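**Q** Keeping their order, the protein sequence lines are chains W and H.
Its first residue numbered 1, the first sequence is counted upward by one per residue in the working numbering.
Its first residue numbered 1, the second sequence is counted upward by one per residue in the working numbering.
It is worth saying that the hints were derived from the structure and are not from the lab.
Bear in mind that the values here come from a model prediction, so they are computed numbers and not experimental data.
Don't take every hint at face value.
[Said to hold, decoys possible] As a list, the in silico BS3-like pairs of lysine-lysine whose alpha-carbon atoms are at most 30 Å apart:
hint, chain 1, residue 1, chain 2, residue 2
1, W, 109, W, 297
2, W, 109, H, 109
3, H, 21, H, 108
4, H, 52, H, 21
5, H, 172, W, 109
6, H, 52, H, 108
7, H, 52, W, 109
8, H, 172, H, 182
9, H, 182, H, 21
10, H, 172, H, 52
11, H, 52, H, 109
12, H, 108, W, 109
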Amino acid sequence: MANLGSLSAEGPKLAAARPRPQAFLGLQLAPTALLLALFMAAPLAVMFGMSFFRATIFGLETTPSLGNYEKLVSDPLYGLLLLKSLRISLTVTVLVLLISYPVAYWLAKMVTRWRTALLLLIFAPYWVNYVIRTYAWMPLLGRTGVVNSVLLATGVIDRPLDMLLFNEFSVQLVMVYVYLPFGIVPIYLSLDRIDDNLLRASADLGASPWASFRQVVLPLSAPGLAGAAMTVFVLAIGAYVTPRLVGGPSGIMYGNLIADQFGASFNWSWGATLSLVLALAALAVIALVARRVPLAKVFLQS
Amino acid sequence: MKLLRRPDLELIGIDKGFRGKQVLRRVSLEVQPGEFIAVLGPSGSGKSTLLKIAAGFEQPDSGTVRLQGEDVTAVPPYRRNINTVFQNYALFPHMSVFDNVAYGLRRKKVKPAEVTQRVGEALALVGLASFGPRQPETLSGGEQQRIALARALVNRPAVLLLDEPLSALDLKIRRRMQGELKRIHEEVGTTFLFVTHDQEEAVVLADRITVMRDGGLEQVGTAREIYDRPATPFVADFVGEMNWLRGQAEGGVARLADGNALHLPEGIAPPAGALRVGVRPERLRIAAVGATSGARENALAATITRITFQGPSTVVEARTETGEAIRCLCGPADVAGALLPGSAILCLWDAEATLVFDAAGAENGLTRKGELVE
Numbered sequence: 001m002a003n004l005g006s007l008s009a010e011g012p013k014l015a016a017a018r019p020r021p022q023a024f025l026g027l028q029l030a031p032t033a034l035l036l037a038l039f040m041a042a043p044l045a046v047m048f049g050m051s052f053f054r055a056t057i058f059g060l061e062t063t064p065s066l067g068n069y070e071k072l073v074s075d076p077l078y079g080l081l082l083l084k085s086l087r088i089s090l091t092v093t094v095l096v097l098l099i100s101y102p103v104a105y106w107l108a109k110m111v112t113r114w115r116t117a118l119l120l121l122i123f124a125p126y127w128v129n130y131v132i133r134t135y136a137w138m139p140l141l142g143r144t145g146v147v148n149s150v151l152l153a154t155g156v157i158d159r160p161l162d163m164l165l166f167n168e169f170s171v172q173l174v175m176v177y178v179y180l181p182f183g184i185v186p187i188y189l190s191l192d193r194i195d196d197n198l199l200r201a202s203a204d205l206g207a208s209p210w211a212s213f214r215q216v217v218l219p220l221s222a223p224g225l226a227g228a229a230m231t232v233f234v235l236a237i238g239a240y241v242t243p244r245l246v247g248g249p250s251g252i253m254y255g256n257l258i259a260d261q262f263g264a265s266f267n268w269s270w271g272a273t274l275s276l277v278l279a280l281a282a283l284a285v286i287a288l289v290a291r292r293v294p295l296a297k298v299f300l301q302s
Numbered sequence: 001m002k003l004l005r006r007p008d009l010e011l012i013g014i015d016k017g018f019r020g021k022q023v024l025r026r027v028s029l030e031v032q033p034g035e036f037i038a039v040l041g042p043s044g045s046g047k048s049t050l051l052k053i054a055a056g057f058e059q060p061d062s063g064t065v066r067l068q069g070e071d072v073t074a075v076p077p078y079r080r081n082i083n084t085v086f087q088n089y090a091l092f093p094h095m096s097v098f099d100n101v102a103y104g105l106r107r108k109k110v111k112p113a114e115v116t117q118r119v120g121e122a123l124a125l126v127g128l129a130s131f132g133p134r135q136p137e138t139l140s141g142g143e144q145q146r147i148a149l150a151r152a153l154v155n156r157p158a159v160l161l162l163d164e165p166l167s168a169l170d171l172k173i174r175r176r177m178q179g180e181l182k183r184i185h186e187e188v189g190t191t192f193l194f195v196t197h198d199q200e201e202a203v204v205l206a207d208r209i210t211v212m213r214d215g216g217l218e219q220v221g222t223a224r225e226i227y228d229r230p231a232t233p234f235v236a237d238f239v240g241e242m243n244w245l246r247g248q249a250e251g252g253v254a255r256l257a258d259g260n261a262l263h264l265p266e267g268i269a270p271p272a273g274a275l276r277v278g279v280r281p282e283r284l285r286i287a288a289v290g291a292t293s294g295a296r297e298n299a300l301a302a303t304i305t306r307i308t309f310q311g312p313s314t315v316v317e318a319r320t321e322t323g324e325a326i327r328c329l330c331g332p333a334d335v336a337g338a339l340l341p342g343s344a345i346l347c348l349w350d351a352e353a354t355l356v357f358d359a360a361g362a363e364n365g366l367t368r369k370g371e372l373v374e
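Using the sequences and the hints, build the whole thing.
**A** As structure tokens, this is what we get:
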């Protein structure tokens, strides 16, 4: 929502650059407004309305009630699961950023030849469907998997480790792997945009390489970092395939709970309620990020 | 002025190649304290690389860089007492004007009170005293240029390097900034090394000009020396305009294509063989056919092909009897109303205005082997 405000703030500027009647501005914005209304506002409204319904064995009971919200606050399980999902998503986001930044920096500032080829190589594994990429971790992390076999063979351990798969650890590990490109790309783009002369200028003015990095590179790549953080976080908070496949009982996330309401339990109104909670939680985190980095800079880098 | 004083910047025998291509070959240059020196050359002549080596952004393959007598060849840029004004200004977009200018002082841990004072002085020097709180993106090109200058000069560098600093500005602002640069140079007395491809800019601004070509120094001298006594046909063509005429020398006598003997400046004997004879357009004088030339004047018969009135001056283009095109820059007094395209005229010029190069190795009218014979 916050980005909508800053996006429309660009409107008057455009109009000022090319003098046009005000009515034309409305026309220019109409397609975007229509798309947003159709594909964002309307589904949200449907979800919001549905959260006041109740599922019965005869189908949806459409008399409005607060039953779903009572259920939400009466059982601490839902709050705890949300907190756990937030914790996992934040951990995954931080890890993705920590790995992405050096990779993106290396690509944008240190590689001079074959950059496109290297970028393609980095992303080559991601052309494979991500369910398969997630499954691929099972023979790596399982009881008889590659990691256990190697550790057993080298005598580091004398019986297979169970802690590698079907828990929170494996969920985080696989999510970090799956979301890595969403971290690398925005950071790479923001670093690539930094004029090399700015780095020369800071060196010229007496800044050591580390000072140059802290005072010039890092602040100027902040929009890319924020974009990467938000993308990865939003993807992670809604994840349900990865926890389902490699999470086991302890690695379950909020997304699984929601998915169940639309699948096995067939309780759409309860699912809608849970979805709204998740959307609000994600929005709250994005709002926190937006307080540090203006969203206009993240999405409209000039 | 050259005597006794130690040069501020010495580049000694600098060689530099990139991926097998030689960009600089044995370039040596001394810059005297307080001097405003221009490195002039077309793009690809290596002048920007030379500046990067002086600043420390590039390492020479061989050679030495000395700053105020001290060998700084291996010293990284952030430990050199030298500052650069970049072609695109390279102001930090995420900092205010004040923070940009204060950046170098803060890296040197100068006390905040002194930072404020010196930044204020630097901004006043470039005439933008009230601009401290502004963001760079709100400034015009000329203003950004001045801030870049203030940001460099506030550090009181031994040498200030300027990399085509005016090339991104439009003509009018460029003219004004030229005057500003000159004034600031006189005010602070810092040594300026200025890289440009604009010969007019170099002539207007610099005490001395270094002309570069293909990674080598072609000539070093004052603007007047370079203009009046170019060392090579390349320099003659690059700085100002030149009429080139074919000639031939035999037994110490030079002749133009029409067979007439050529008067040369005192003490200059032409090399034997084919010659390239150069005369600046403004040194040519137009006279009526049959006019008598002075004892030390050269004369060439020609037919006017075009007359272009340019306000303060008039360009008369003509073709000689041997088919060579010449341009003559005339003042209002030189062009009588009778001159019309098709008129036969006599072009006269002083022996002292005659340049002679041997034509050996001449290619497409340009040669680096050609040498002024003195």
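**Q** Against the earlier hints, flag every one the structure doesn't satisfy and list their numbers going up.
**A** 3, 5, 9
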